[in-house]
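**Student:** Start from the sequences, fold in the hints, and give me the full structure.
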Amino acid sequence: MITHTDRLDHKAVADLANQLRVDSIRCTNRAGSGHPTSAMSAADLFAVLVGRHLNFDWSNPKAATNDVVILSKGHASSLFYSALKATGSITDEELMSYRSHGSRLQGHPTPDLPWVTVATGSLGQGFPIAVGVALANREFDHARVRVWALCGDGELAEGSMWEAADRAGALGLENITPIFDINRLGQTSPTAHGWEVERYARCFAAFGWEPLVINGHNIAEIDDAFETATRRDRPTAILARTLKGKGIPNIENELGWHGKALTDDMTKRAIAQLSPASEIRIAFSLEFGRPAEPAPLPATVTTVLPRYNIGESIPIRRAMGETLAALGVDPRVVVIDGDVCSSTFTSLFRDKHPERFLQMHIAEQQMVATAAGFATRGYRPVLATFAAFFTRAYDFIRMSALSELSILIVGSHPGVEIGRDGASQMGLEDLAMMRAIRGSTVLYPSDAISMSVLMAEAIEASGIVYVRSTRGAYPVLPSANPEFRIGGSRLFLSSADDRVTLVGAGVTVHECLRASDILAEAAIPARVVDMYSVKPIDTETLLSSLSATSGRLVVAEDHHPQGGLGAAVFETLAPFGAIRECRHLAVRKRPDSGAREQQLDNAEISARHIAAAAREIAEE
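First residue of the sequence shown: 5, per the working numbering; consecutive thereafter.
The hints are simulated quantities; they were obtained by calculation from the structure and are not laboratory data.
For each residue, glycine too, the CB sits at the ideal point set by N, CA and C.
Accuracy of the hints is not assured; some may be wrong.
As the list claims (entries may be wrong) - Here are the in silico distance ranges between beta carbons for each label pair:
1) 231 to 197: 46 to 56 Å
2) 163 to 269: 38 to 48 Å
3) 199 to 285: 29 to 39 Å
4) 269 to 67: 20 to 30 Å
5) 200 to 365: 44 to 54 Å
**Tutor:** Below, the structure is given as structure tokens:
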């Protein structure tokens, strides 16, 4: 073993690259699965990065002064893990546990390893998140930290990569260096543009980048390119022409080996050809003018929430914006917009805290990626756009949850309630989407007070938190329990004589209250539950209400019948056998344009439909 305590020379880097190849072959062979050929093509690039340019204290991977490395081509995880072995961060024994049950070394990287910033493997995400990290570092941390992203050329077919290129180019993010491994071979066919590297270069140049086209297996060229990128005052993309499976006999540059481990015989032959004379161990962290630790962000601040009067009619989305502006006294809060701040009312935050308001324009994937990047640096990012538009960024939200990041997402203009804009603008799937996210919280306030208090709760909650923000103006409701909390609910009009329970959230709470007035005229007392916390849900209140009303239940929601409020209620109650008779009112028809009242009635979730459903089961 040769231990290096200083920057590696080019000969040592070449030996390290082959060592990374050997260890990638070994661990994937042991696992019987993996992507060794994808590791082979990028091994020289990664060896130069780790051996000569990366400013990183491997013994303290969470140090705020470390450079950031994101493996956008997450399937090449064996390469990253082999580099961790070379730095002494993991043992060879752990490397050989790759892809086995209980191992930290999953098939695609996750933050279970402290050297991993975000979970990757869903292609087209690592580079956009790296842009978010770089923006946080430059504009907010003011730290001289470089963000490196190792990307595959197959990812360049993803639109999210070009959203990232556009934003980084427009913002002039000189502190990010994406390295593109252009090995031309995908899983089932060559990539769309193969080795037409100049085509990629023209695309990046059009977005304001300085592209560098290099031979990805020439150590000197790679080294010079990385050095140039760190010296430039504008974003630089490294476009490296490489060979997939580089160094493996009979496999190099051959299609059909993506995602396949080598056989035992092939492994022996490849190792015999590649093995350097001695094992390389890197025992240093580079010191390129290491910046001082940034000042820690304050954990607590005093926030004065807006006050609203009972009976006052206020657009719930405005209450969200006013509350967000108040929460902005916390310097951790960063708001990211998708060119709809005048509709979502995050413009109120922009006006009060312009230095922490970011405009991503109509690029929802980059919105979420930027939020993920900020979340890795300890900020509390808030995203807001129409609920319907988060569908195109759903994979980024899913992966952010796997990275265990805390992001507050506000979905405005949900449901048919928005009125005349028509079906394309109506978020009718969002509750189902967000409930399905691992560890998520889903909130749906019904008035200004509940929105304000729940936003203050949400900003401090861990994980992905989704708040549904209704478009229209509704009266502030009186209630016996004015405290709002995640996992709670609000009970209206309860009495010992109640014969049916009406459950709503958001706009349907108001419809349920009107329905209870209709029922009262027919001598059918009903209690109304405002189920503002859809996930987690208030099981105790549901059970006590069903017990008091002999198991009679009506759930009304401005959402498709699958996966929303009704699904949450029925899933919760199913194990208890608490339901005797129930009706589920949801949006089952395709909406069109029309006034709010017309839309609710046409969807059969208005007060008269709720009352009719309740009367039907109450009289049985």
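**Student:** Go through the numbered hints given earlier and state which of them the structure violates, listing their numbers in rising order.
**Tutor:** 1, 4, 5
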